[in-house]
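Visitor: Work the whole structure out from these sequences, hints included.
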Amino acid sequence: MTNTLSARPDVESMGEDLAPLAVADRCDQCGAQAFVRARLESGELLFCGHHGREAMARLMELGAAVRDDTATINAKPSVSATI
0 MTNTLSARPD VESMGEDLAP LAVADRCDQC GAQAFVRARL ESGELLFCGH
50 HGREAMARLM ELGAAVRDDT ATINAKPSVS ATI
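Numbering-wise, the sequence shown is residues 0 to 82 according to numbering that gives the first Met the number 0.
Keep in mind that the hints were calculated from the coordinates and are not lab data.
Certain hints may be false.
Said to hold, decoys possible - Here are the simulated distance ranges between beta carbons:
#, residue 1, residue 2, range
1, Glu60, Cys29, 20 to 26 Å
2, Glu40, Asn73, 32 to 38 Å
3, Lys75, Ser41, 30 to 36 Å
4, Asp16, Thr71, 17 to 23 Å
Glycine residues also receive a C-beta, built at the ideal position from the N, C-alpha and C atoms.
Guide: Spelled out as C-alpha cells, the structure:
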C-alpha cells in the first residue's frame, strides 16, 4: 500500500504525481534503498524507511507532499529489481 500525504490542501495535487520509487532510488542520508519520497517547493528528497520516519513530522510541518512506500519493505521485489 502506498500512502501519499500532504499537510496543506493546496499541495494535495502535488502528492498525486509523485513518481513510484525504484529499487535503484537511494536515501539521501545513508544510501540505503529509498521507500519515502518527499516533494518540497525546493525539490525532492528520498529517504529509507528509518530516515523517512525520523523526518516525517518535519516534512509535514514544511508542507511537503510525501509518498510513503514503507509498507512494501518486506514485499516481493518489484519488476525494476531485475534491471
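Visitor: Run every hint past the structure and note whether it holds.
Guide: Hints, one by one, checked against the model:
| no. | hint | result |
| --- | --- | --- |
| 1 | Glu60 with Cys29: 20 to 26 Å | holds, 22 Å |
| 2 | Glu40 with Asn73: 32 to 38 Å | holds, 33 Å |
| 3 | Lys75 with Ser41: 30 to 36 Å | holds, 35 Å |
| 4 | Asp16 with Thr71: 17 to 23 Å | holds, 19 Å |
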